[in-house]
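Dock chain B against chain A, hints included.
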Amino acid sequence: MPPADSNGAALTVSEVAVRFGGVAALTNASLRVEPGIVTGLIGPNGAGKTTLFNVISGLQAPDRGTVHLFDVDVTDLRPNRRARLGLARTFQRLELFGSLSAGDNVRVGVESSLEWWRWQHLRRLVPGFGNGRTGGSGEDRDGSVADRCRHLLARVGLSGHGHDHASAMATGSARMVELARALAIRPKLLLLDEPGSGLDDAESQALGSLLVDLAEAGMAVLLVEHDMELVMRVCTHIYVLDFGDIIAEGPPEEIRADPRVQAAYLGAAHQTDLAGGG
Amino acid sequence: MSSFIQYTVFGVMLGAGYAIAATGLVVTYSTSGVFNFAQGAVGMIAAFCYWELVVANGLPVLAALLIVLVPGAILAGALVERVFMRRLHGASAERPVLVTLGLMVILTGLATEIWSPSVSRVVPDMVSGQFGLAGINIQYQEVLLIGIAAATAVGLRLFFTRTRTGFGLRAVVDDPDLLAMSGASPNRMSQLGWALGFFMAALAGVLLAPTQTTGVSIPAMTLLVVNSYAAAIVGRLRNIPATFLAAIGIGLAENYVISYILPHVAQSLVPDITLSLPMVFLFIALVTLPSVRIRAIGRLTTARPPRVVSGRESFVAGVVFLAVAALLAAVFDNTPFRGTTVLTLGGVVMTLGIVALSLVLLTGYSGQVSLCQFSFMGIGAFVMGKVAGGGSLLGLVAATLICAAAGALVALPTIRLRDLYLALATFAFADAVYNGFFLDTHIYGSGGVSVGRIVLPGLSFGGDAAEFLLVTVCFVLCAWLVLAVRRSMFGRRLVAVNDSPAAYATVGLNIGITKVTVFAIAAGMAGLAGALYGTVQQVVGYSDFDFFFGIIFVLFVTIWSIRSVSGAFLGALTYTVLNQWSPNAFGLFAGIGILLIGRAAGGILGLDTLQLTLPWTRQPASDVDVVGVAEVALDGAVLGSGSRAAG
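Taken in sequence, the protein lines are chains A and B.
Read in my numbering, the first sequence has 275 at position 275, and its numbers run on one by one without any break.
When you read off a place in the second sequence, starting at 1, and then add 278, the result is the number in my numbering.
The set of hints was computed from the structure by calculation and includes no laboratory data.
All C-beta atoms, glycine included, are put in the ideal place defined by N, C-alpha and C.
Hints are supplied without guarantee of correctness; some may be wrong.
Calculated from the model, a selection of chain B residues having no Cβ within reach of chain A, i.e. all distances over 12 angstroms [said to hold, decoys possible]:
#1 E330
#2 Q408
#3 Q417
#4 Y538
#5 T619
#6 V620
#7 G667
#8 Y820
#9 L874
Covered stretches of chain B, going by a simulated chain A footprint (3 or more residues, C-beta under 8 angstroms) [unchecked claim]:
#10 765-774
#11 779-790
Just chain A, with the same shape it has in the complex (with noise of 0.2 angstroms):
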């Protein structure tokens, strides 16, 4: 897809190819995500998923091809630059900041777009300065700050949880103090890599309509995911990733009825006879 087809696209990836060694993880993916609303990535074990999420955030970068973030060529540019071009992400294998509290997570994701050397946030060094009187561990009374890390935790469902270490929280949990912590960047492009594993029924219902209101106030979300039931219900398209190319794309019945997804991604058990032509 070449980039001039991403007119008010929020990412376009276009013929991206990654070679670990021998082994080819993308070959020719190309994808499109639009703003204001949830696109699919999904594919079996193995298809390259993560590898993309990668070349999108830039801690891969591809042997061929490129990646456009609202018509910038960010082939090029840094994990942090991206994300100040308002890029954000969560890991399928969790990276939080470990010895932080869940609070703390999110605290250092709204603090991103400030300044530690101006003054300030310099005068909090000195207790009783200014209005930096640090009280309790960590915490300081900057209202707006700690009010948005709050409201972040409250929003994925961890009210409450703010002073709990991070390294302890059970997966589910650990996997919405990601989201919290890549929202509190205001992104408005957001990729998600299998947040409903670890979570139960009631909070992957939630995740699902956090998403779609994410998605109405106008944000693009990318999200990988396992949960079909999920995927099906928030995604407005899906994109289906197999051998490291994209086999097929389209609005969820489509892609459910394809039998080339089927093939790859439902499971060769059940699917044999039709395996021949994935």
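Just chain B, lined up with the frame of chain A:
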């Protein structure tokens, strides 16, 4: 022309020695993930053992060589891996650096106890004599060394490509988890890697020892292989042929510089240049490395971090500390002790405490290792002594700023790289500053640098007690600052960048800027500490900022807890007390302590119920396995797509 060939042969010989040591480093690193800082010390011990057998006991050369290498080095390597290194699996990144440094300190400490430095020990060439070739004289020893290095290279090549075990070792290099899945034991391979690494270190040590024509010395032999670090880095710690070639290149470059350039520079600069060469090579190697990818590692810190101390708590603790210090100042005013006074030693503890606080900020919070804080201290003391007559506030400020700038310069080349390379850069910097600056009598003065006591309008700190109280107040202020930083936005960032660089970058924060900034701040603090140290001692010399002592100091702080202010103070106190008690053996305490405390990130203060995890305590296997399984899952995923694609 003939002299060129002569220099070339000698350079290749030096390089061959480095190549053997560097290859050993690569084998150990790639099989166990641990960079062995003790590689040089192993070579040094081997050289001394060899001297003991051949010169002192008259054993035949070949027999001595076999004894030192085969049962000696190989068994020692396997044992060290089993007892100390295997426990480091899953520990935080800075642990292996500190543990191998501990090993280095133990080996040098033991060597000092066994082989008194006052005796000259010349290791004879294994084969004497020379032959003429194209008008030049070539020593048989040179031919032997080059031959052994070539044989080692060929032997390793055959071992890695022709034997099953060699395949296994290569598999560990490429992917330990896949190797584990294939049923081989990464632990066995790692043990073999250490045995091989020790063997090659010992071989290099024994072969290079005769080049020390005035006799082998413990520090010189230990640091002789710093050049091999640069070679291993050019090989990116993985590529043995590249490492080998780089080592030969470094040997040549070193000998050409010594032979062609040094005769044309001022005599006073000769030792500076010679001794700084390893660092120059290391920095060149570091700069040539490509940036490493920020990896999503999926590591979750499991060690309980120390509680974040509130402003009120730290204020109260600081005031109590000052009150106790004031009491001590009153009781011990002008009390002599071993040629100095009790309060002077107390002042030393406080200033070293500030250096330790800089380590809390740097290593404890952000996970970076610096082995050159004593270098910044020495530079700080020098600046203090030279600026405005040696007792001014301006000197303190200048010492802090100059050291902060120097710190930024040391850290800059390595910010794109893994933290290990920063540790290596600081190691080389410390070595170079010590040899080229502190030891240079033209710069640092033969009698040291005089630093006066601080003079403030209306205040004099000339007295014993007043000076002690002044540095104590400075220590408390620095402690408050470090704790306040931890509570601040910057402190959260330091902890975050250590916990997950990938997440740190993807929330829009710049890893490099954060790391360089904290390194510069820590260097500035060490510079301030050095300036204050100067005002306490009034005259400072090279022995105050000894390179090895700087490493021992880091170990003492780590043993107590490099993550807490209390650990910093106790580390400085223990260091000073044990140094007074036994300057020769106190390194041994540090080394043994760090090996005992092993993987416990929080040091003694961080241990639950203060129970030591002794080497023979069984570690829960789950740590390793969870990490391993997760990585297998990821790598398996990548491989899965490839193998299916291929099919």
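Task: Hints violated by the structure (listed by number, smallest first) - done: Violated hints: none at all, because every hint is consistent with the structure.
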